[in-house]
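> Listed below are the residues making up each chain.
Number of protein chains: 10
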Amino acid sequence: MTQLFAVRMDVALPPDMDPAERADLLAREKAYSQQWQRSGHWPQIHRCVGEYANLSIFAVEGNEQLHEILWGLPLFPYMTMTITPLAVHPSDIAHS
Amino acid sequence: MTQLFAVRMDVALPPDMDPAERADLLAREKAYSQQWQRSGHWPQIHRCVGEYANLSIFAVEGNEQLHEILWGLPLFPYMTMTITPLAVHPSDIAHS
Amino acid sequence: MTQLFAVRMDVALPPDMDPAERADLLAREKAYSQQWQRSGHWPQIHRCVGEYANLSIFAVEGNEQLHEILWGLPLFPYMTMTITPLAVHPSDIAHS
Amino acid sequence: MTQLFAVRMDVALPPDMDPAERADLLAREKAYSQQWQRSGHWPQIHRCVGEYANLSIFAVEGNEQLHEILWGLPLFPYMTMTITPLAVHPSDIAHS
Amino acid sequence: MTQLFAVRMDVALPPDMDPAERADLLAREKAYSQQWQRSGHWPQIHRCVGEYANLSIFAVEGNEQLHEILWGLPLFPYMTMTITPLAVHPSDIAHS
Amino acid sequence: MTQLFAVRMDVALPPDMDPAERADLLAREKAYSQQWQRSGHWPQIHRCVGEYANLSIFAVEGNEQLHEILWGLPLFPYMTMTITPLAVHPSDIAHS
Amino acid sequence: MTQLFAVRMDVALPPDMDPAERADLLAREKAYSQQWQRSGHWPQIHRCVGEYANLSIFAVEGNEQLHEILWGLPLFPYMTMTITPLAVHPSDIAHS
Amino acid sequence: MTQLFAVRMDVALPPDMDPAERADLLAREKAYSQQWQRSGHWPQIHRCVGEYANLSIFAVEGNEQLHEILWGLPLFPYMTMTITPLAVHPSDIAHS
Amino acid sequence: MTQLFAVRMDVALPPDMDPAERADLLAREKAYSQQWQRSGHWPQIHRCVGEYANLSIFAVEGNEQLHEILWGLPLFPYMTMTITPLAVHPSDIAHS
Amino acid sequence: MTQLFAVRMDVALPPDMDPAERADLLAREKAYSQQWQRSGHWPQIHRCVGEYANLSIFAVEGNEQLHEILWGLPLFPYMTMTITPLAVHPSDIAHS
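Protein chains in written order, with numbering that gives the first Met the number 0: chain A, 0 to 95; chain B, 0 to 95; chain C, 0 to 95; chain D, 0 to 95; chain E, 0 to 95; chain F, 0 to 95; chain G, 0 to 95; chain H, 0 to 95; chain I, 0 to 95; chain J, 0 to 95.
Quick caveat, the hints were computed from the structure, so don't treat them as lab data.
Glycine residues also receive a C-beta, built at the ideal position from the N, C-alpha and C atoms.
Among the hints, a few may not be true.
Not everything, but these chain H residues come out facing chain C in the computed CB check (under 10 angstroms) [unchecked claim]: (1) V6; (2) M8; (3) Q34; (4) W35; (5) G39; (6) A58; (7) N62; (8) L65; (9) L69; (10) T79.
EDC-like, lysine to aspartate or glutamate: derived pairs with alpha carbons at most 16 angstroms apart [said to hold, decoys possible]: (11) C:K29 <-> I:D17; (12) E:K29 <-> D:D91; (13) I:K29 <-> C:D91; (14) B:K29 <-> A:D91; (15) J:K29 <-> H:D91; (16) D:K29 <-> E:D91; (17) F:K29 <-> G:D91; (18) G:K29 <-> F:E67; (19) A:K29 <-> B:D91.
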C-alpha cells in the first residue's frame, strides 16, 4: 500500500558558488526530480512563494523508499528537510 | 486565475468539552469542509499522522476567499494556522 | 514490510484532575499500550528520565496504522507528539 | 483583483564582500526595487529601524507574480523572507 | 515629525466567552480602531489571512502616543503584540 | 520630544579576523560610540556579563535618528540588534 | 560594591480577574515598586511600548537582594522574568 | 559508581491555588527535598535569581534513581524539567 | 547496572569537503560505530528518514562511558547531539 | 560577599582548525581554567555528556569579576554563554 508524506525542502546554496557548477547541480536536480515525478512517487511539487523552498507530496512504498529518494537528491547536502507522514483524513470526500 | 495555498491546521480542543457539544462541533466542521471540497476550493486534506492536525491544499480566487473559508471553520477558534502561498515549481512536470 | 517510527509523547494532565478519573484514565492507557506491545506493534517504550514523557518505537504496516494506534490512546487528548519515521542505517550491523 | 502581501526581508551580506561587487549589487537592487515600485506592484517599502531589513507591502495579481518579483531580487540569495498574505480587515474604514 | 511603526496584533479570545460580552467587546474594538483611523494615527489595518490577527501601520508623534493607543484597545488583554519601528528606506521612490 | 529605546547589540566577529584590522575596527567603534554618548543621544551602555554584547539606552528625536546612529556603527555588519521602544512607566517616581 | 542588572518583566493577568482584586493588586505593586525606587535599588523602570511589560535596571548588593526584591513583587506570580547581569562597558564615557 | 546530573526545575503554580493547599504542598516539597539532600543524593540546590526555578545537582546510582526522585516531588505536576547528564571535565583540578 | 540513553545525532558536513577526506572520515565513523555495536553498548541505530541524522540507543555503564563513546566519534566535530536519559516505563511489558 | 553564578559554555571550534593552533589554544584554556579553579572562583566544572560544552559554577565578588574571568577565556571567541545568577534556595539544608 502506498504511503503519503509531505516534505518541505529549504535550500541554502552558497551565494558564491561557481556558476557552472551551480547550473550543473540544478540541472541534475531537475532531471532527478522529474524522473521520480514520472514514476509516480513524487506526485506534487510546489514552490513556496518568495523562498528557495518547495513543498512536495511523496507517494512511496514506505520509509525506506522515501529516504532513498531524498538522500539521492543532488541538492541534498544543501537542504533542510521537514517531513510529515500523512494518513487519510476522516473528512476527505475522496475516501467517504 | 486560481491561487494555491498550503495550510496546516493544528487543533486544540479542551479535553473536558461536553461530549454532545463536541460531537455537534465536529459534525459541523466535517460538513463545512466537505462543502468546500465539493466546490473544488479545498482539493486536498490529509491527516498529519499521530497529531490532531491536518495539512490541506486550497485552490481559491485569492487571499480574500481563502480567509473567508478558514475564518468560517467551526473549529477555527480552536485552531492554529500555518499558511504557505504556493507557486508553480520550475521542475514540475505538469507545467513543463 | 514493517515500517519503524520513533514517537516521543509528552503528557500534560491537569494537576486538579479528579483522582478517580485520573486513575481510570491511566489504567486504560496502560492496558491499551500493553495490548499493542503484545501484538508486536509497539516493541519499545522508555520513560524519559524526570519528565512525564516516553520515547517509543513503533513497528507498523504504515502511516495509517500508526495514526490509528496513536489516535486511540486514552491519553491522546493530553499529549504532544513528536514523530520521526525511521529507516535502516547503513552502519547498522544487524543489516550488514 | 489585486492581492496584498506583507513581506519582511532580512539581509545578510558577508562583511568581507568586495566593495565594488557590493556597490554594484546594491545599485542593481535599488533599480530593481524602484522599477516595481513605479509599476505599482511594490507600493510600500520601510526600513526596519536598526536592522538590515525592510518591511514591504506588495500588490500583485497573485502568488505567481509575487514569487517572480521576489525571486528576481539581486539580493535574493542573501535574504530571509517572511511572507504574510493580507485580506481586508472588517474594521478598515477604507472598506466600510 | 510623525513616527511610523508596524504592529502585528495576535488575538486569543477564550472560545467559551459569553456571546453578548464578546459582541460588545468587538463592537467597542471596532469603534476604537476606527476613531484612530479617522484621526490619521492608524493609517493601515490588514487582516492576516486565516489568522485572528492584523498587521497595522501607525503614524504617531512618538513612543508615548503609540503606547497610549495600543494600551487602550478593548482587546488589549487578549492580544500579543509585535512592534517594529520603521524609518525611510533609501530605495523608497516616495523619498527620492 | 525625546524618544527612548533599549537596544541590545550582540556582536559576532570572525575569530580569525586580522588583528590589526580588528584593533582598528574596535577603535573606530569606541570613538563613534563615545561621540554619541557625549552628544546625549546614547545615555547608557552596559556590558552583558560574559557575552560579547551590550545593552544600551538611546534618547533620540525619533526612529530616523535611531536608525542613522545604529546603521553607522563600525561593528554594524557584525551585529544582531534587538530594539525595544520605551515609554514612561506609570509607577516611575521620576514622572509622578 | 553595587551590582547592576537589567530585568524585563512580562505580565500576564487573567482577563477575567475580579476588578477590585485587580485594582488592589496593582496598587500594591505600584507602592512596592516605588518603595524600592526611592531606596535607590530600582533606579530605572520603563514601559515597553504596546506590551504589558517593563524593562528595569536594578542596583543591588548582589544576587540575594535582587532575588528578594523580585520575589516580593505582588505581581510576581503573573510575571515572566528575563534577567541580564550587567558590567561596565569599556566604551562607557562615565568610566573612562 | 555515582552519576551526576544537573536538573533545572521551573515551577508554575496556579496563582489562584487555595493558600492552605499551597502551604501544605510547599511544606511537603521542602521535607521531601531535604530528605534527599541529607541522604547525599541531592548535593546542591540553588535558586535561580528572580524566577520560580531552581538549578540542582543530583548524585545518583543511575537513571532509574534520578527518575524515582524527580517523579516523587510533590511539585512534580507543576514543574518543567531540563536534565543534563554530567561527566568529569578534563580540566577539573579535582580529577587531575 | 546498565544505563540506557537515546541520542539523536544531526550531521552537518561541509558540502565542499574533499571527497577522499570525506570517504575516509565516513569509513572510520562506520568502523567505530560497528565496534561499539558489537560490544553491545550501541544496541540500536536508525536513520531518520530524509535527514543526515540518526536516532540511537546506548546501553552503557553510566554517563562517563556514554561521553567517552560519543566524544570519540570521528564525525563528532560535525554533529549536534540531543541526549535523553531513559528509565523503565511502568507500562513496559518487558518489566511487568 | 560571594556571588554564585551557573554558566553553561557551548564551544564551536572550526573542524578544520590547524591542529597545532588548536592544541595550543586548548592548553591555554586548561591552564587558565585551572588557575581560577585554584583561586576558588571557579569551584565546579562539569562536562555535559556527549556535547562540546561544560556547566560550571562561579563564586565571584560580583558581575564585574565574572565578566573579567569569562572574557579572558582563550576559547571565548568560540563560545556561546548561558548565564544564570544564583541565590540561596530556602530548602537548602546547608543554609537552614
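> If a hint holds in the structure, say so; if it does not, say that too.
Verification of the hints:
Annotation: V6 (chain H) was flagged as interfacial toward chain C, and the flag holds, the nearest CB pair being 6 angstroms apart, inside 10 angstroms. A least Cβ separation of about 9 angstroms between M8 (chain H) and chain C falls short of the 10 angstroms threshold, and the interface hint therefore holds. At its closest, the beta carbon of Q34 (chain H) sits 18 angstroms from a beta carbon of chain C; the interface hint therefore is violated under the 10 angstroms criterion. Hint status for W35 (chain H): violated, given a least beta-carbon distance of 13 angstroms to chain C, over 10 angstroms.
Taken as an interface hint, G39 (chain H) does not check out: its beta carbon lies about 19 angstroms from the nearest beta carbon of chain C, beyond 10 angstroms. A hinted interface residue such as A58 (chain H) counts as satisfied when its beta carbon comes closer than 10 angstroms to some beta carbon of chain C; here the least separation is about 15 angstroms, so the hint is violated. Taking 10 angstroms as the C-beta cut-off, the interface hint given for N62 (chain H) holds, the closest approach to chain C being about 5 angstroms. With a cut of 10 angstroms, the hint placing L65 (chain H) at the interface with chain C holds, because the nearest CB-to-CB distance is about 6 angstroms.
A distance limit of 10 angstroms between C-beta atoms decides the matter here; for L69 (chain H) the minimum to chain C is near 4 angstroms, and the interface restraint holds. A distance limit of 10 angstroms between C-beta atoms decides the matter here; for T79 (chain H) the minimum to chain C is near 9 angstroms, and the interface restraint holds. For the given pair, K29 (chain C) sits about 52 angstroms from D17 (chain I) by alpha-carbon distance, which is inconsistent with the 16 angstroms threshold. Our distance criterion of 16 angstroms between C-alpha atoms is met by K29 (chain E) and D91 (chain D), whose separation comes to about 9 angstroms.
Annotation: proposed proximity of K29 (chain I) to D91 (chain C) holds, straight-line Cα distance about 9 angstroms (limit 16 angstroms). A hinted pair counts as satisfied when its Cα atoms are at most 16 angstroms apart, and K29 (chain B) with D91 (chain A) qualifies at roughly 9 angstroms. For the suggested pair K29 (chain J) and D91 (chain H), the alpha carbons sit about 9 angstroms apart, so the restraint of at most 16 angstroms is met. Taking the CA atoms of K29 (chain D) and D91 (chain E), the gap is near 9 angstroms; set against the 16 angstroms cutoff, the hint holds.
For the suggested pair K29 (chain F) and D91 (chain G), the alpha carbons sit about 9 angstroms apart, so the restraint of at most 16 angstroms is met. A C-alpha spacing of about 36 angstroms is found between K29 (chain G) and E67 (chain F), which places the hinted pair above 16 angstroms, so the restraint is violated. With a CA separation close to 9 angstroms, the supplied pair K29 (chain A) and D91 (chain B) stays within the 16 angstroms bound.
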